[in-house]
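Visitor: Just need the whole structure built from these sequences, with the hints factored in.
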Amino acid sequence: MRRCSSVVAPFGCVVLATLLSGCKPVGPNYAKPATMAPYAYGETGASAVVAPANPAGGAWSAANPSDGMLRGKWWEIYRDPQLNALEERVATGNQNLRRAAESYLAARDQVAATRAGLFPTVSGSVSPSRSDLSTNRPSASSTAHYNDYVLGAQASWEPDFWGRIRRSVESASASAQASAADLATLDLSLHAELAADYFQLRGLDASAQLLAQTISALEDQLQLTQTRLNGGVASEADVAQARTQLETVRAQQVEIGVARAQFEHALATLTNQNAAGFTLATSPLNLTLPKVPLGVPSQLLERRPDVAAAERRAAAANAQIGIAVSAFYPDIPLTAAGGFESVNVGTWLTGPSALWSLGAKATELLFDAGQRHAVTDQARHNYEAQAASYRATVLDAFNGVEDQLSTLRVLEQESTVEQRAVASAQHSFDLADERYRGGVTGYLEVLTAETALLNNQRTAVDLQTREFVASVGLIRTLGGGWDITQLPK
Numbered sequence: 001m002r003r004c005s006s007v008v009a010p011f012g013c014v015v016l017a018t019l020l021s022g023c024k025p026v027g028p029n030y031a032k033p034a035t036m037a038p039y040a041y042g043e044t045g046a047s048a049v050v051a052p053a054n055p056a057g058g059a060w061s062a063a064n065p066s067d068g069m070l071r072g073k074w075w076e077i078y079r080d081p082q083l084n085a086l087e088e089r090v091a092t093g094n095q096n097l098r099r100a101a102e103s104y105l106a107a108r109d110q111v112a113a114t115r116a117g118l119f120p121t122v123s124g125s126v127s128p129s130r131s132d133l134s135t136n137r138p139s140a141s142s143t144a145h146y147n148d149y150v151l152g153a154q155a156s157w158e159p160d161f162w163g164r165i166r167r168s169v170e171s172a173s174a175s176a177q178a179s180a181a182d183l184a185t186l187d188l189s190l191h192a193e194l195a196a197d198y199f200q201l202r203g204l205d206a207s208a209q210l211l212a213q214t215i216s217a218l219e220d221q222l223q224l225t226q227t228r229l230n231g232g233v234a235s236e237a238d239v240a241q242a243r244t245q246l247e248t249v250r251a252q253q254v255e256i257g258v259a260r261a262q263f264e265h266a267l268a269t270l271t272n273q274n275a276a277g278f279t280l281a282t283s284p285l286n287l288t289l290p291k292v293p294l295g296v297p298s299q300l301l302e303r304r305p306d307v308a309a310a311e312r313r314a315a316a317a318n319a320q321i322g323i324a325v326s327a328f329y330p331d332i333p334l335t336a337a338g339g340f341e342s343v344n345v346g347t348w349l350t351g352p353s354a355l356w357s358l359g360a361k362a363t364e365l366l367f368d369a370g371q372r373h374a375v376t377d378q379a380r381h382n383y384e385a386q387a388a389s390y391r392a393t394v395l396d397a398f399n400g401v402e403d404q405l406s407t408l409r410v411l412e413q414e415s416t417v418e419q420r421a422v423a424s425a426q427h428s429f430d431l432a433d434e435r436y437r438g439g440v441t442g443y444l445e446v447l448t449a450e451t452a453l454l455n456n457q458r459t460a461v462d463l464q465t466r467e468f469v470a471s472v473g474l475i476r477t478l479g480g481g482w483d484i485t486q487l488p489k
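Throughout the sequence shown, residue numbering follows my numbering, covering 1 to 489 in sequence.
Note that these hints are calculated values from the structure, not bench results. Ideal placement from N, C-alpha and C gives every residue a C-beta, glycine not left out. Among the hints, erroneous ones may be present.
Straight-line C-alpha distance at most 27 Å; calculated DSSO-like pairs for lysine-lysine [stated by the list, open to error]:
{"id": "1", "residue 1": "K489", "residue 2": "K24"}
{"id": "2", "residue 1": "K361", "residue 2": "K32"}
{"id": "3", "residue 1": "K73", "residue 2": "K291"}
{"id": "4", "residue 1": "K73", "residue 2": "K489"}
Simulated DEER-style distance windows between Cβ atoms [what the hints assert, rightly or not]:
{"id": "5", "residue 1": "T485", "residue 2": "S283", "range": "30 to 38 Å"}
{"id": "6", "residue 1": "E236", "residue 2": "F278", "range": "45 to 53 Å"}
{"id": "7", "residue 1": "Q209", "residue 2": "E247", "range": "15 to 23 Å"}
Guide: Written as C-alpha cells, this is what we have:
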C-alpha cells in the first residue's frame with residue numbers, strides 16, 4: 001500500500017497547483033449594454049397614475065414611483081371575481097405555458113450538464129479473464145494457460161486554465177435565465193389576452209342589453225303605430241318603417257351573439273377547456289376603470305420580462321466570445337489510472353499486485369487556415385447583434401407605454417364627449433316621441449332620433465370597452481406584476 005501513497009502524492013500536487021493557479025477566463029467580461037431611459041413618460045410629464053374620468057377633470061393623477069406597484073396577480077385590480085377565476089385557470093391549464101415551462105427546465109438542466117465539465121470524470125472496471133495461448137506461437141513460453149484478474153480505476157480531468165468551461169457555464173446560465181424570462185413573457189401575454197377578451201365579451205353583453213331594451217321599446221312603438229294606422233292617424237309607411245327598424249335591431253342583436261360566441265371560445269382555449277361545454281353567463285360591463293400605477297421609466301427595464309430576456313441573451317452571446325478565444329490556447333488534459341492485477345485471486349488485492357500510471361498532455365493547434373479567427377469574429381458580431389436587439393427591445397418597451405397612455409388619454413376625452421352626445425340624443429328622442437304620440441309629427445322624426453340615440457349609446461359602450469382593453473394593454477407594457485428578482489439565480 002506504500003506504492004499507492006507514492007501515486008497519490010504527485011498527482012495531488014499537480015491538482016493542487018492547478019487549483020491554486022486560478023487562471024482568469026479569457027474573453028471580455030460582460031457589461032450590460034448601455035441604454036437611455038427618459039426622465040418621465042411624455043404623456044404624463046412626470047411619474048403618474050392613469051385614472052378614470054372624474055368631475056374634477058384630467059386623466060392623470062400624481063403618484064410616487066413605489067405607490068401601488070403592480071405585484072403578482074395584477075388582474076385583481078379590476079375586482080371581478082369571474083375574471084379572477086378565469087385567470088387562475090391560465091396558469092394551471094394552458095398548454096403553451098406548459099411548453100414554455102418545459103423549455104426552461106431543459107435549459108436549466110443544460111447548465112448543470114455544462115458545469116459538470118469543471119470536475120474530473122472517474123470510471124472503474126473489473127476484468128477477470130482466462131486465456132489459452134498457442135504453444136506454437138513465436139517466442140512461446142511454457143505458460144500457455146493463465147488467469148488474469150484486473151480491478152482498476154481511471155480518472156481524467158482537463159483543468160479549465162483558460163475559462164472555456166466557465167464561460168460555457170456563464171453562457172448556459174444566461175440562456176436559462178432568458179428562457180425563464182420568455183416563460184414570464186408568455187405568461188403575461190396569455191393573462192393579458194384573456195383579460196382583454198373577457199372585457200370585450202362583457203362589452204358585447206352591455207351592447208346586447210342595450211339592444212334588448214331598444215327592441216322592447218320598438219315593439220311598443222310598432223304596436224302604437226299599428227293602432228294609429230287602424231285609427232286612420234298613421235300611414236302604412238309609418239308601420240313599415242317601425243317594423244324595419246325593429247328587425248334591423250334584432251339582426252344587430254344576432255350579430256352580437258356571433259361575436260360573443262367567438263370570444264367565449266377564445267376564453268375556453270386560453271383556460272384549456274372544451275369550447276363545447278364552456279359558457280359564461282351574460283353580465284354587462286359595469287366595472288369602474290381602476291388606476292394603473294406607472295412608476296418611473298427607469299423601472300421599466302426591471303419590470304419587462306421581454307427586456308430581461310433580451311439582456312440575458314446578450315450576456316450569453318458575450319460569454320461565447322470567451323469560448324471562442326479559448327480555442328487559441330492549448331488543451332492540457334490530465335489522466336490517472338490505478339488498480340490491482342494478478343493471476344491468482346488470493347494475491348489479487350495485495351500490495352505487489354498494485355499498478356498505477358499518471359499522465360499529462362498538452363496539445364496546441366498550429367494551423368487552421370483562420371478558422372479560430374473567423375469563429376471569434378462571428379461570436380463578437382453575434383454579441384453586437386444581441387446587444388442591438390436588447391436596445392431595440394428597450395426602445396419598443398418605452399414606446400409601447402407611451403402608445404397605451406396616449407390611447408387611454410384620447411379614449412377618456414372621447415368618452416367624455418360621447419356621454420354629452422348620448423344625453424343630447426336622448427333628449428332629442430324624448431321630444432320626438434312625445435310629439436309623435438301627440439300627433440304633432442310623423443314617425444320618421446321618431447325613427448331618426450331613435451337611430452341617432454342607439455348609435456351614440458353603442459358608441460359609448462364601445463368606448464368603455466376600449467378603455468378597459470387599453471388599460472390591460474398598459475399593464476402588459478408595464479410588465480404586469482413581474483420584476484427581475486423573479487429570474488432564477
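Visitor: For every hint, state whether the structure bears it out.
Guide: Here's how the hints hold up against the structure:
For the hint linking K489 to K24, the alpha-carbon distance of about 22 Å falls within 27 Å, and the restraint holds. For the hint pairing K361 with K32, the CA-to-CA distance comes to about 38 Å; that exceeds 27 Å, so the pair is violated. Between the alpha carbons of K73 and K291 the distance comes to roughly 15 Å, so the proposed pair stays at or under 27 Å and holds. The straight-line distance between the Cα atoms of K73 and K489 is roughly 23 Å, inside the 27 Å bound, and the hint therefore holds.
For T485 and S283, the hinted distance range of 30 to 38 Å is satisfied, since their beta carbons lie about 37 Å from each other. A hinted range of 45 to 53 Å holds for the C-beta pair E236 and F278, which are about 47 Å apart. Roughly 19 Å separates the CB atoms of Q209 and E247, a value that falls within the hinted 15 to 23 Å.
The earlier numbered hint that this structure contradicts is number 2, and it is the only one.
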